[in-house]
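Colleague: Sequence:
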Amino acid sequence: VEEQYDAYFALSSFTDPKAGRTAKNAQSLKSFFIDIDCGLSKPYADQAEGMTALKAFLKVTKLPKPTVVNSGRGVHAYWILSDSISATEWKPLAEQLKALCAMHKLEADASVTADTARILRIPNTLNFKDAENPVKVDFLLNAPLASISILQDVLNTVEQDIFAGMSGQP
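For the sequence shown, the working numbering begins at 21 and goes up steadily by one.
Because the hints were derived from the structure by calculation, they are not lab data. Since the model is a prediction, treat every value here as computed from it, not as a measurement. Hints are supplied without guarantee of correctness; some may be wrong.
[Stated by the list, open to error] Under the rule of at most 25 Å between Cα atoms (straight-line distance), these lysine-lysine pairs were calculated in the PhoX-like manner:
#1 125 - 85
#2 75 - 38
#3 38 - 79
#4 38 - 50
#5 75 - 156
#6 75 - 125
#7 50 - 85
#8 62 - 85
#9 38 - 156
#10 50 - 82
#11 125 - 82
#12 111 - 82
#13 44 - 85
#14 62 - 149
Using the sequences and the accompanying hints, generate a full structural model.
Modeller: Here it is in structure tokens:
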């Protein structure tokens with residue numbers, strides 16, 4: 021904090037520590053996550069608007085409540101699992117979460133949602149993007165652990181919805 025460093029954590033465990041934080045080296049993950057950018061020239065004017073969009077998305081998709089973190093200016097939502105799953109099992113579900121966000125017009129940063137090598141901000145630290153005005157990173161909502169089977173049920177409907185939209189077309 022005194023040296024004004026931003027603090028992040030990796031959302032994956034990695035197979036080879038020497039190979040670094042890469043998607044190819046990702047071994048397993050214990051959450052699904054989205055990043056909702058808020059502020060000037062961002063999809064949502066402020067966190068209140070971002071949270072309103074997240075709540076509407078959760079209502080229509082029937083996804084369980086996520087743990088939500090104030091990232092300093094935006095919002096990170098995490099569906100934390102009780103057990104880790106392999107990166108190969110996680111990736112298609114994360115892609116479906118990304119598609120679900122797009123289908124329901126939740127402006128989540130698409131480059132984050134299915135990135136197995138992603139890092140995000142650590143709660144109870146400071147966001148120094150604007151060094152003159154650091155902002156606290158903290159929890160907005162702590163949710164219970166998410167059931168992988170419930171997430172799979174919701175996320176697997178994405179493919180069904182896509183195929184249903186294609187029926188009757190040449």
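Colleague: Against each hint, give a clear statement of whether it holds in the structure.
Modeller: Outcome of the hint check:
1. 125 - 85: It holds: about 18 Å lies between the C-alpha atoms, which stays within 25 Å.
2. 75 - 38: Violated. Residue 75 to residue 38 sits at ~40 Å, over the 25 Å cutoff.
3. 38 - 79: The hint is violated at about 42 Å.
4. 38 - 50: Satisfied, since the Cα-Cα distance of roughly 22 Å is no more than 25 Å.
5. 75 - 156: Given pair residue 75, residue 156 holds - Cα atoms ~22 Å apart, limit 25 Å.
6. 75 - 125: holds, 12 Å
7. 50 - 85: holds, 16 Å
8. 62 - 85: holds, 24 Å
9. 38 - 156: violated, 32 Å
10. 50 - 82: Holds, because 20 Å separates the two Cα atoms, which is no more than 25 Å.
11. 125 - 82: Within the cut-off at roughly 15 Å; holds.
12. 111 - 82: OK: residue 111 and residue 82 at ~21 Å, within 25 Å.
13. 44 - 85: violated, 30 Å
14. 62 - 149: holds, 15 Å
Figure legend: structure checked against the earlier numbered hints; hints not met, in rising order: 2, 3, 9, 13.
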